[in-house]
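4 protein chains.
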Amino acid sequence: METQTNKAILLLSCPDTLGVVARISHFIFERRGNIINLEQHVDTEDKMFFMRIEWDLKDFTIPTEDLNEAFAPLGKEFKADWTIQLINSSCKPKVAIFVSKYSHCLLDLIWRQQTGELNCDFSVIISNHAELEPIAKNYNLDFRLFSINKENKLEQEQKEIALLKEYKIDLIVLARYMQVLTDNFIAEFPHRIINIHHSFLPAFIGSNPYKQAQDRGVKIIGATSHYATADLDEGPIIQQDITRISHSDSLNDLICKGRDLERTVLAKAVKLHLESKILVYNHKTIIFES
Amino acid sequence: METQTNKAILLLSCPDTLGVVARISHFIFERRGNIINLEQHVDTEDKMFFMRIEWDLKDFTIPTEDLNEAFAPLGKEFKADWTIQLINSSCKPKVAIFVSKYSHCLLDLIWRQQTGELNCDFSVIISNHAELEPIAKNYNLDFRLFSINKENKLEQEQKEIALLKEYKIDLIVLARYMQVLTDNFIAEFPHRIINIHHSFLPAFIGSNPYKQAQDRGVKIIGATSHYATADLDEGPIIQQDITRISHSDSLNDLICKGRDLERTVLAKAVKLHLESKILVYNHKTIIFES
Amino acid sequence: METQTNKAILLLSCPDTLGVVARISHFIFERRGNIINLEQHVDTEDKMFFMRIEWDLKDFTIPTEDLNEAFAPLGKEFKADWTIQLINSSCKPKVAIFVSKYSHCLLDLIWRQQTGELNCDFSVIISNHAELEPIAKNYNLDFRLFSINKENKLEQEQKEIALLKEYKIDLIVLARYMQVLTDNFIAEFPHRIINIHHSFLPAFIGSNPYKQAQDRGVKIIGATSHYATADLDEGPIIQQDITRISHSDSLNDLICKGRDLERTVLAKAVKLHLESKILVYNHKTIIFES
Amino acid sequence: METQTNKAILLLSCPDTLGVVARISHFIFERRGNIINLEQHVDTEDKMFFMRIEWDLKDFTIPTEDLNEAFAPLGKEFKADWTIQLINSSCKPKVAIFVSKYSHCLLDLIWRQQTGELNCDFSVIISNHAELEPIAKNYNLDFRLFSINKENKLEQEQKEIALLKEYKIDLIVLARYMQVLTDNFIAEFPHRIINIHHSFLPAFIGSNPYKQAQDRGVKIIGATSHYATADLDEGPIIQQDITRISHSDSLNDLICKGRDLERTVLAKAVKLHLESKILVYNHKTIIFES
Numbered sequence: 001m002e003t004q005t006n007k008a009i010l011l012l013s014c015p016d017t018l019g020v021v022a023r024i025s026h027f028i029f030e031r032r033g034n035i036i037n038l039e040q041h042v043d044t045e046d047k048m049f050f051m052r053i054e055w056d057l058k059d060f061t062i063p064t065e066d067l068n069e070a071f072a073p074l075g076k077e078f079k080a081d082w083t084i085q086l087i088n089s090s091c092k093p094k095v096a097i098f099v100s101k102y103s104h105c106l107l108d109l110i111w112r113q114q115t116g117e118l119n120c121d122f123s124v125i126i127s128n129h130a131e132l133e134p135i136a137k138n139y140n141l142d143f144r145l146f147s148i149n150k151e152n153k154l155e156q157e158q159k160e161i162a163l164l165k166e167y168k169i170d171l172i173v174l175a176r177y178m179q180v181l182t183d184n185f186i187a188e189f190p191h192r193i194i195n196i197h198h199s200f201l202p203a204f205i206g207s208n209p210y211k212q213a214q215d216r217g218v219k220i221i222g223a224t225s226h227y228a229t230a231d232l233d234e235g236p237i238i239q240q241d242i243t244r245i246s247h248s249d250s251l252n253d254l255i256c257k258g259r260d261l262e263r264t265v266l267a268k269a270v271k272l273h274l275e276s277k278i279l280v281y282n283h284k285t286i287i288f289e290s
Numbered sequence: 001m002e003t004q005t006n007k008a009i010l011l012l013s014c015p016d017t018l019g020v021v022a023r024i025s026h027f028i029f030e031r032r033g034n035i036i037n038l039e040q041h042v043d044t045e046d047k048m049f050f051m052r053i054e055w056d057l058k059d060f061t062i063p064t065e066d067l068n069e070a071f072a073p074l075g076k077e078f079k080a081d082w083t084i085q086l087i088n089s090s091c092k093p094k095v096a097i098f099v100s101k102y103s104h105c106l107l108d109l110i111w112r113q114q115t116g117e118l119n120c121d122f123s124v125i126i127s128n129h130a131e132l133e134p135i136a137k138n139y140n141l142d143f144r145l146f147s148i149n150k151e152n153k154l155e156q157e158q159k160e161i162a163l164l165k166e167y168k169i170d171l172i173v174l175a176r177y178m179q180v181l182t183d184n185f186i187a188e189f190p191h192r193i194i195n196i197h198h199s200f201l202p203a204f205i206g207s208n209p210y211k212q213a214q215d216r217g218v219k220i221i222g223a224t225s226h227y228a229t230a231d232l233d234e235g236p237i238i239q240q241d242i243t244r245i246s247h248s249d250s251l252n253d254l255i256c257k258g259r260d261l262e263r264t265v266l267a268k269a270v271k272l273h274l275e276s277k278i279l280v281y282n283h284k285t286i287i288f289e290s
Numbered sequence: 001m002e003t004q005t006n007k008a009i010l011l012l013s014c015p016d017t018l019g020v021v022a023r024i025s026h027f028i029f030e031r032r033g034n035i036i037n038l039e040q041h042v043d044t045e046d047k048m049f050f051m052r053i054e055w056d057l058k059d060f061t062i063p064t065e066d067l068n069e070a071f072a073p074l075g076k077e078f079k080a081d082w083t084i085q086l087i088n089s090s091c092k093p094k095v096a097i098f099v100s101k102y103s104h105c106l107l108d109l110i111w112r113q114q115t116g117e118l119n120c121d122f123s124v125i126i127s128n129h130a131e132l133e134p135i136a137k138n139y140n141l142d143f144r145l146f147s148i149n150k151e152n153k154l155e156q157e158q159k160e161i162a163l164l165k166e167y168k169i170d171l172i173v174l175a176r177y178m179q180v181l182t183d184n185f186i187a188e189f190p191h192r193i194i195n196i197h198h199s200f201l202p203a204f205i206g207s208n209p210y211k212q213a214q215d216r217g218v219k220i221i222g223a224t225s226h227y228a229t230a231d232l233d234e235g236p237i238i239q240q241d242i243t244r245i246s247h248s249d250s251l252n253d254l255i256c257k258g259r260d261l262e263r264t265v266l267a268k269a270v271k272l273h274l275e276s277k278i279l280v281y282n283h284k285t286i287i288f289e290s
Numbered sequence: 001m002e003t004q005t006n007k008a009i010l011l012l013s014c015p016d017t018l019g020v021v022a023r024i025s026h027f028i029f030e031r032r033g034n035i036i037n038l039e040q041h042v043d044t045e046d047k048m049f050f051m052r053i054e055w056d057l058k059d060f061t062i063p064t065e066d067l068n069e070a071f072a073p074l075g076k077e078f079k080a081d082w083t084i085q086l087i088n089s090s091c092k093p094k095v096a097i098f099v100s101k102y103s104h105c106l107l108d109l110i111w112r113q114q115t116g117e118l119n120c121d122f123s124v125i126i127s128n129h130a131e132l133e134p135i136a137k138n139y140n141l142d143f144r145l146f147s148i149n150k151e152n153k154l155e156q157e158q159k160e161i162a163l164l165k166e167y168k169i170d171l172i173v174l175a176r177y178m179q180v181l182t183d184n185f186i187a188e189f190p191h192r193i194i195n196i197h198h199s200f201l202p203a204f205i206g207s208n209p210y211k212q213a214q215d216r217g218v219k220i221i222g223a224t225s226h227y228a229t230a231d232l233d234e235g236p237i238i239q240q241d242i243t244r245i246s247h248s249d250s251l252n253d254l255i256c257k258g259r260d261l262e263r264t265v266l267a268k269a270v271k272l273h274l275e276s277k278i279l280v281y282n283h284k285t286i287i288f289e290s
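Residue numbers (our numbering), protein chains in the order written: chain A, 1 to 290; chain B, 1 to 290; chain C, 1 to 290; chain D, 1 to 290.
If you're looking for bench data, these hints aren't it; they were derived computationally from the structure.
Please note that the accuracy of each hint is not assured.
[As the list claims (entries may be wrong)] Calculated cross-link-like contacts (lysine-lysine; reagent style DSS-like; alpha-carbon spacing at most 27 Å): (1) C:K94 / C:K211; (2) B:K79 / C:K58; (3) D:K94 / B:K257; (4) A:K257 / C:K7; (5) C:K257 / D:K159; (6) C:K7 / C:K101; (7) D:K137 / D:K153; (8) A:K211 / C:K268; (9) C:K284 / D:K150; (10) D:K101 / B:K101; (11) A:K257 / C:K94; (12) D:K211 / B:K271; (13) C:K284 / D:K153; (14) A:K284 / B:K257; (15) A:K271 / C:K101; (16) A:K257 / C:K165; (17) D:K101 / D:K159.
[As the list claims (entries may be wrong)] Which bits of chain C does chain D cover? Going by a derived footprint, with three or more residues having C-beta under 8 Å, they are: (18) 87–93; (19) 191–205; (20) 243–257.
[Said to hold, decoys possible] Listing some non-contacts, in silico: residues in chain C with all C-beta distances to chain A over 10 Å: (21) E69; (22) N138; (23) N184.
All C-beta atoms in this analysis are idealised placements derived from N, C-alpha and C, irrespective of residue type, glycine included.
Using the sequences provided together with the hints, build the complete structure.
Below you can see the structure in the form of structure tokens.
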């Protein structure tokens, strides 16, 4: 009964220097790893180097449990920040989805997971309202209600954190969750909480962005997925998309058109994260997408 | 030697009430005007009605010089704001273009005017720098240099205003003009100054929007054309467009990609204005575009 | 217990002549109808006039059952093709959805109907396969299986037609239905069958358009919704949309990206049809969308 | 008086096998080349590997004139097709532009070259009509007129080929050149002729694509840049873009909207080619664009 591990993905950032690609690709080649994908980026202003390498572990000569240790000397030599993610067909990333009352992002995530587009397990749906429980039930997903008010917020968050740790959650998706998380909660899951904001950030930060958009008379609206950070709506942006509107669109039309954006922009960010294609540096994201 | 007048365009806004379309279209029909285009919009929240009617004057029984007087009673009855624009193939709108050092918007406007896409005359190019004079010369356009500094600004603007009035300018286009106009100047030409801002407003108001965009790590940049008002970058938005960027785009890449947006977004706004397709209401635009 | 009728929508096409707008808007005004929306279009080449007028029936002096008769003389005078649609909040259009094995368009249509974006009833789901029956059951929709093979096709279609007539179906939506309908079937429902083709028509007509797209090496793929006609993939186009692809997209990636297009492009066409915003003339559509 | 060579770009395709990235990046690293950019792609179906590596030659230990010879053994070992392009700030690629009567693509290419966006020299403008000669004169570009008719076509093409070889032309751009080149001409410059077709290929192959688009009633039009091959409009596609149209757009509107697409889609293809970012394999392009 072996655990079948298929691929490894290295995400690395380090000061730009000679030979990083050569040395690291050679490290993999010598151990009989077949590179499936390599993408790199150089920030010429900050003189930083970033790389994502994905390789096949079939004939790889190092056991997966020793991989981190084996790579450590090279990482140290290049003064690199790095992680190695193992992609294992029998052990999928565990995702928690936070929702309130809007169903569109939740339904879309579930549909994409069922088609195989999102390679993960939805371990639990957490909500501050009961409205979406039937959807969770319908797809046999664990639904947990945590009502939030000013008095119980910290306490409820502690229970949520405990539950998320119990589930060994790898990623939290805020699928139109209408509560602001405390800094304390966010600090527990750095760059592991993805939020969808229903505007083209940094335009229309805060609440009611569609109303703000209508009042300003813009001709295009957008949606933005980003990692949640302590500064609200200021986290590293992962994906954005837009759609055209006109004077004849009512506020309700904006909300309808916006929903179509929100669900695809959020799903794309989740997919990129699950495939280890996002590197955060300096409050911005590098997306390895080719 | 008659002046040939082809079409009339009525732009009208009034409180929404029964019979506006019927009564006004009947007014035109009775006088043998052939309606070429009618577009209307109702703001259900503010209970306001907006309409653009374009009709052929070939068999129209009212002389064009009496048209305003003839329509006035109907306009008064509906408590309407209205203007009637005469489109005359032998007398084109006169446009002044303000530039500084960037040539792309200027070149694009000239090219579109030459192909017939923009139906106007470029009476004068006004600049605070001499760099683009050769382009003006090359196309036989009057080029006037008004160097601006803190001390002479008001004085120079007065001279510009005098020149614009002498030329009977109908529209001023700020084609990447890198000087802030005074409130006094703007007040002279209400809703007759079109500016291009090189960001997706209201994001990145002010200077260096591409640098701001890069610093924030957005995945999409934009451009916005709008009527200039006393509040900088707050005027009624006419047209917006966007393009995708990634982490691998340098600041110079953003500037290059942005230029392509700026020239088309500005040209579109100028075209809409010249065709009397823009109505301003409540700091927003209604664009009659069908 | 009166049936509450809210609005009437006139769709009309006729040879372009003087006074159509004036006369028809006056017809409505005299009978105390409040015009909510009027949109017209002139085909200057064919000298044809097209119009959509939507008006409030609250104070309208003609009973809805007499409306067609009352308008008939005016329609005759202008040699017009016309229909008047009554929009009645208590009696929604009845829609049948045809599916095979793909669920995305079906799920999306149901979701939009539940949010109120699509104002209709889904009377029946018809399929040639059993796979999607659980979805229909889950939403309490009538699901009917009609297995199709070469021998029974005509016979099965006759049963489907009988069922659709029994249900008084107003619109048939082919939501990735993988069977070609016979000309006979299509002739029963002229301009009342909407299909989604998973390519940017007229490129890649026929089967496996994503494979065709990959083989040709295009950089953009698309989807097209259109009315079904006897000529396959040649019906009047209602809506199209596209998305970018690259050499790194596998056939499966195209299928994934295409699904997102298919569902929105189909839903948009259904919405336009339900709101009587489509006029078919000369194998093309005029979309009244402002 | 040394010739300053800054960078080398290797474009390589070979059967997918272990160690290509490692071995080639090591080859560069050992010779003190600093990799600026590496992008690769694996065609898993055809089991082919493709790579573009760009490296700094400042401290590179092999003289540029020996580079091809030095790399040859490695290329042979991997059974690769490969080319190495030297990017030299003092010696730009030489480009010939073919035009007929439309100026927009020509003007746009010249403007982009002047801003530095296109790093090349325009050695000669070749045309079968005299209309655009003033533009060439205005920018001090060599303009050569080759009138073409059925009788003289082959003969004139021979003179053009001689001229292009005399100029040592690296790239030919067909900027709305309205003559079909013979197979013989095309065979002289394999994958070095870029054409712009004013439709979204493979839709509307052949002449008058905008008329074809209007007749079919599509809701989106496009433009396609591609390498010219013997099969007209069938060459490897480099870049495509689209814009929305509606029933209210006249044929002239399509032509206007299309021009904006044509110039940007052609310029983008020229830029990609000049930066050695295009690999042709199996009648399709791999675009290294990150």
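- Hints violated by the structure (listed by number, smallest first): 1, 5, 6, 9, 10, 13, 16, 18 and 22
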